[in-house]
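My numbering puts the first residue of the sequence shown at 4, with every later residue one more than the last.
In short, the hints are calculated from the structure, not lab data.
Heads up, simulated DSSO-like pairs for lysine-lysine below, C-alpha to C-alpha not over 27 Å straight-line:
| # | residue 1 | residue 2 |
| --- | --- | --- |
| 1 | LYS170 | LYS75 |
| 2 | LYS27 | LYS75 |
| 3 | LYS153 | LYS27 |
| 4 | LYS27 | LYS54 |
| 5 | LYS170 | LYS102 |
| 6 | LYS170 | LYS54 |
| 7 | LYS102 | LYS54 |
| 8 | LYS102 | LYS153 |
| 9 | LYS78 | LYS27 |
| 10 | LYS75 | LYS54 |
| 11 | LYS170 | LYS27 |
| 12 | LYS44 | LYS170 |
| 13 | LYS44 | LYS75 |
| 14 | LYS102 | LYS78 |
| 15 | LYS54 | LYS44 |
| 16 | LYS78 | LYS170 |
| 17 | LYS27 | LYS102 |
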Amino acid sequence: MKYTILLVLLFCLPTLLKSQSLTKIFIVRHADRLEGDDLSKAGIIRAEELKRVLGRAGIQRIFSTETVRTRKTVKPLAELLHLPTGIYATPLSLINLIKTNHPGRRIVIVGHSDTVDDLISSCGCTPPQDITPNMPATQFDNLFLVALRKTVVNNQSSWVCELIHMKYGAIAN
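Given the sequences, and given the hints that come with them, work out the whole structure.
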């Protein structure tokens, strides 16, 4: 009897569980900055490093807040890939937009010390404790990869989220 149930499950599983392609979202905080809104010399170098690290990753969309420092962080990458930088207002609205309009894409999002955790949470992942509620002011080297997959089970859809925490550029304090 156990084997019969197992066989039925194995044959029915593909119809019960359908999944769409994987959406990959790279999330970073803006690069090192000066007292105002501009990038420091170290920040300009880090922005170039982001271009080097993600330049061949197949990025299809780039999003940033409207601040100078976030836009300058992705400018080298956007120029390399000939992509416009979309401006977003809130983490939740952006993630909802991505889930609706850009499933299966590879996306870069630049945020701030107090929004990176919200971006990760809005995807459905749990942010690392060392960046919650706010990333330390001197940390600019975090690179998060969020993998989102929409699954449908018995006509009910949900998003499965996986998070990988990496580092890039010069070591931050």
